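Chemist: Quick mapping for you: the protein sequence lines, in order, are chains B and R.
If you read the first sequence in the UniProt record's numbering, its first letter stands for residue 1, the second for the next number, and so on.
If you read the second sequence in the UniProt record's numbering, its first letter stands for residue 1, the second for the next number, and so on.
Hints in this document: simulated from the structure, not taken from any laboratory.
Hints should not be assumed to be uniformly reliable.
Facing chain B, according to a computed beta carbon distance under 10 Å, are these residues of chain R, among others [stated by the list, open to error]:
1. P97
2. L111
3. V159
Covered by chain R, according to a simulated footprint, are these stretches of chain B (three or more residues, beta-carbon under 8 Å) [claimed, not checked]:
4. 27–39
5. 69–80
6. 118–131
The model shown is predicted, which means the values in this text are computed figures rather than measured ones.
Even for Gly, the Cβ is constructed at its ideal location relative to N, Cα and C.
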Amino acid sequence: MTIGSDQVVQDVQDVQEVESGEDVAERNRPVALGPEEAAALARAAGLEELGVRPGLRGYVREVWSYRHLVWHLSSAQAWATNQNNYLGQLWAVLNPLLLVGSYYLIFGLLLKTRGGTSNYIAFLTIGIFVFGYSASAIIAGSRAVVGQIGLVRALRFPRAVLPISVTLTQFLVNVPAFAVLMVMIPLTGEPFSPHWLLFPVALLLQSLINLGLAFFLARLVNAARDSANLVPVGVRLARYVSGVFFSIPHYAGHGLVSALLLYQPLAVSMTTAREALMDQYPLTWGSWVAAAVWGVVLCASGLVFFWRGEGRYGSN
Amino acid sequence: MGATDVAPDATTPSVVCSGLDIVYTVFGAKQKGTDTGGELPLVERLLARRNPVSSVRKVHAVKDVSFVVNHGEAVGIIGRNGSGKSTLLRAIAGLMPPTNGRVWAAGRPSLLGVNAVLLTGLTGAKNVMIGGLALGLTPAQVRDRYAGIVDFSGIGDFVDLPMSAYSSGMGARLRFAISTAAAPDILMIDEALATGDAEFQARSRDRIAEIRRDASTVFLVSHSNAAIRESCDRVLWMEQGRLVMDGPTDEVVRAYEQSHRKATA
Ligand SMILES: Nc1ncnc2c1ncn2[C@@H]1O[C@H](COP(=O)(O)OP(=O)(O)O)[C@@H](O)[C@H]1O
Ligand SMILES: [Mg+2]
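This is chain R alone, in the form it adopts within the complex (with noise of 0.2 Å):
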């Protein structure tokens, strides 16, 4: 898959995405203040209000959205919460169908989310074995591999118990590990180390910079804005699902800041 014929380097793009609207459909909605009522088509607003029984609303997530990375790059994705970031994520990662618009992506994506669940009621070890082969190793790699990604995840003895059991720590240490694990073209990383400790943080921040030097993308969420500034060379800041400023790290994260101090002020 995703065999490409050109030789990747810093200068070819790895991810091009135009035009992305992202647009989901809630069931459980409570009808009562229809705030977003006047976005939704006319059918649709004439069957709500026909059917009180009816709970369907439309939340539209990405607005709009283009840019292009290159191989190597490390990009920060910055914004407030409920701004599109995770749902852009799912979009280059291939896991959320784009609405409209159209997204292309060089080989393999890996996202690693903060919900990225695995299957909780099975053990780590067998969440090893399933996540591997979905990433796309074969069970000899997955088996081969299988002792570096615990020792890395540092769970332990926990590996043989139901994730249901993990901390929410131990659970993201554990995806990180499986995640990294198949070496992927994109890396995606969504708030995942956010809630890990000070070492398991370290750690992921070298595996990073690891996977970079392979000339693999990676695509960071954090509101960490130190984070960002360590380990990404760009950013994209989103706004109310749109994509407002794609620039150097410095400057795009200084601009964000700028607008809070002014919204707090």
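Chain B with its partners taken away, still in its complex shape (with noise of 0.2 Å):
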């Protein structure tokens, strides 16, 4: 380049810089858009408006194809969850096994809890890895979207997809305890039974319960984050009532309160495991019944539920 042609360059530069800023303010000016306006510009261009709900059906099919997703997820954070110590993996069996040596600990030799049992020991095993199922899906899917919010706020998936995930990876954690729990029924004393076939029923049943709790939860967490620290207390609270290592009918009778406290939904899936897997249990349908019924209740009014906040996660 030549040094005239640097010149003519400089001096353009300077009549820019002459300029005020004001006249490149004005000129830079953004657009005043009105809504009306901006509306029409985006239906022509076939523009996709965010943070709106889209229609539950469309919502459904939506979380259906993200499906993968949810499996990938829970599959990871299952395995994360015991990956930070030296044990590992095997946390997953000792966590369980300690549990139900100190519950037996106390419960079957000091308070001696086990009237109308009579085998006390697969009666509490059942009680507390069934429950323990469900306590820890009730907690983590409480915080499914406050825990996430990194998640949330980096990528765009219906929300959904958090609580049912949340759900799967609770399940995924405790299967080493089922399996534990199917091994230690027979050295109990309990005879073999094609009963046993209908405990993963069972498991499916109280999943759909669990998934219910966790899209309502989730959600009123997400709008009133103090609730979550309501969640813990109300799961220690069910956890004494339950039934988990007393048998409700021996200890509350038989009258409109026992009804109530077996046919919660906690406690039914309790009780749908016991009749599975006890000789001393027969098969009920009204159990059965019920824990089908509180399942797809659940599930569905949850989902509903869950699906009018969508558009407002991750706001606060």
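Please dock the two separately framed chains into a single complex, following the hints provided.
Modeler: If you want it as structure tokens, here you go:
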């Protein structure tokens, strides 16, 4: 480049420097775009509005299209749960065993709550493992959105993926415990029975119940964060009234209170599991129908409730 | 999603933003110096006064922002720290619901921020899969592109370690590789390139140019005016949540620099 043309460039720049800041600001003033004008423009270009809630049907379809994300998110997080210590995945089995041991000491030997049960160890073990799954799923489910705010603020996907994946994660985390349970049941003296095949069905119904509760709690906690502190309290309360380590009919009789205690969703999950696995409890229609009704009703109403909050998750 | 019956070209909008307001609710704020107290609704002010344990504060991060961006445009966003650049990007990525106003966008946005946490407890490999799926790829597509993503990120064997063991530069490279693997319709980059080394910055510039050639829109937030000048033909200047200037890169960046000089003089 010659000296001459450099000089010209410099001159042009000088002219622009001389131009006042107001002129530049005036020329580059942002457009004032009214809502109607903007909507018309967007419609003409075929754009999609962000931050609005899709219809329920479309929402369900969208969630379904993200099923692979649900699976990979859940399995990866379930695996990571026990990865940060030396014994790793062994803890998935050790934890429930230690829990059963300590509960047996407290409730079986010291407090003697074994009334009305013929095989207290099996009764207690089923109670602890089955309730343990609900407890961890409910607590984790209530934080499904607020606990993953980083993910919510980084990636766009239907937020129902989160409670679903948290529930599935907790199921996967508890699979080793259920395997331990299936080994322990015959060791406690229960005779083999084809009814054992119903145990996975009981777990499926329980999972639907857990998922429904996760939908409700995840939205509530996202809207009112303080409620997250009440969830563990509620779960602890439920642990003592749901018949984890005592038989409800034996201690609460057969009145209305007992029926309410027996047929609330968390207790029903334990009843169906015991009916599937223990000789002392024959299968009854009442508990299985109750579990199925709770599962379907909670899951469907929970999904609708959660969907109504879509578009507001991640806003605080 | 976002199937348009309009052929995308440089004259059709890909993002329309009208009267956008974003207000954050911040928990754990200290109530003593209530300098923003005047902006709170009356009820909340009363609540805050009545109840010394509650500590909720509103932060009005984006105020009445409107603009239209076309396909294939590369738009820089400049402004001081806390001026609302990241928040604005989150809103046009569909990640922050607007408090007021409306936003429309074409297709699938992909936001790449310094804080775009993937799941730090999980390995890079798992993050590639989860990030790809969340961006709308199928598992088979992610597996197909896996080698390319890991290659581009240049993190090598670290891909099998949890991301918590990565340096910030390595994390940024992996995030960039994932976000651009899905060929997003709108790519947003929020200071994410600053932590990479020079060689990676050069490669990412090439990748951005490639994405723009596919008629995608690019938003770039950067504190390097040189990077903005290099990649963008239009610039939005944010100041305290407001959009103060919107125009050609040269003019807006120069005006911004002059306002700096005035401020420091
Ligand atoms: N997650 C958040 N919660 C509450 N306030 C936030 C959050 N993120 C940003 N802010 C506030 O919003 C304003 C704009 O922030 P941001 O968009 O990050 O600005 P920039 O990216 O321009 O630095 C700041 O006042 C900041 O304190
Ligand atoms: Mg920022």
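Chemist: Next step is simple, just say for each hint if it's right about the structure.
Modeler: Going down the list of hints, with the structure as the test:
1. P97: holds (4 Å)
2. L111: Since the shortest Cβ distance to chain B is 7 Å, the answer is holds.
3. V159: violated (14 Å)
4. 27–39: holds (count 12)
5. 69–80: That given contact holds, which follows from 6 residues of the segment 69–80 of chain B lying within Cβ reach (below 8 Å) of chain R.
6. 118–131: violated (count 0)
Hints 3 and 6 from the list above are not met by this structure, while the remaining hints are.
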